[in-house]
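Taking full-length UniProt numbering, the leading residue of the sequence shown gets 1, the next gets one more, and so forth.
A couple of the hints might just be wrong.
With beta-carbon atoms standing in for the labels, derived distance ranges [what the hints assert, rightly or not]:
{"hint": "1", "residue 1": "I163", "residue 2": "K101", "range": "28 to 34 Å"}
{"hint": "2", "residue 1": "S29", "residue 2": "K101", "range": "27 to 33 Å"}
{"hint": "3", "residue 1": "Q201", "residue 2": "D252", "range": "44 to 50 Å"}
Straight-line alpha carbon distances no greater than 27 Å define the calculated DSSO-like cross-link-like pairs of lysine-lysine that follow [claimed, not checked]:
{"hint": "4", "residue 1": "K28", "residue 2": "K147"}
{"hint": "5", "residue 1": "K206", "residue 2": "K179"}
{"hint": "6", "residue 1": "K206", "residue 2": "K216"}
{"hint": "7", "residue 1": "K70", "residue 2": "K147"}
{"hint": "8", "residue 1": "K106", "residue 2": "K28"}
The set of hints was computed from the structure by calculation and includes no laboratory data.
Virtual Cβ for every residue (Gly too), placed ideally from N, Cα, C.
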Amino acid sequence: MENEIDFLIVGGGISGILMAYQCHQNNKSFILVADDKRSATHVAAGVINPVVLSKFNPIWKAEQQMQELKEDFLSLEKFLEKKIIHSMPVYRIFSSEDEQKTWHKKSENNPTLQKFLSAEFHPNHYPSIDAPLGFGEVLSTGYVDFKLIIQEFFKAFKNFVKIENFDFDQFQPEIKKYKNFNFQHCVFCEGIKVKSNPYFQSVPIKENKGEVLKIKTTADLPNAIVKSKCFLMPIENQEYYVGATYAREFDDDEPTEEGKLKLENQLKSFFKKDYEIITHYAAIRPTVQDRRPIVGKHHELNGIYILNGMGTRGTFNAPYSARRLINFILKGEKIPEEINYQRFI
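Let's have the full structure, built from the sequences with the hints guiding it.
Next comes the structure, spelled out in structure tokens:
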């Protein structure tokens, strides 16, 4: 028996989930095909931070992406009836008075940063943290619980999620058919697995391995994401995420002793109390040299699309990109040139 569906979505990370949720919101039927392997979304801390804190610059389209991120994840939170957005400030540790001056100057002169960089500095009252010059506070920040989203979304849409490897031998794009499904549109949201996709071989995805620690400590810490050489983010029950590393060269997607030592050294540069490592995670991010997502239709095949390259800021890039793609498909709205797949054709 054949089934008629509007969308076939391949990939169970945050891009695939948000694309599927866009379908649901637009009353379009879908099947989501996802394998059971670990993706970048499974490991990502989901930090919401619209500022590049090494140089105190706003990220690309910071205000629009922040608005759409919160709209989409709050909508998903309401639908799933689970708390998935957690609001808390980011406290950036100052390493010099020059950094403080730069922060003040940019927060006063940049209209976007005026909304995200607090003009007031916070003195450090925490013996566990080495921050003699205090903190700068980033506003409208927090984190998204990606692990909970995956778990609850797959549960809520269990009849429309297929946990299996996508079989390209049974994929017939010319007649829009996959196994016993006849689809109108197929969106590939595969992350680094796109390298094995015969229809998007030219996509210049670069692999970037990231490692994260989950630790437990009884130290007195602020209810904030503390950022210095790495971030220290509270989760619950005196547990924290520490991250993240960035590696272009690696052997596999497994956690490494090198990655663990790097994170521990970064953490110890500002955190001065004891802790216990609970878990050590690793995954490979799909990044692009120009640091923009890859969104759009196949250059030859009708009804075949790509949604990829969310990189190190998937919390922002995925909601924005999924919206652009669904609006392109359903409403004919133009995909911005900066993220359009056609820039590589």
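Unmet hints by their number, sorted upward, for this structure: Of the numbered hints given earlier, those the structure breaks are 1, 2, 3, 5, 6 and 8, listed in rising order.
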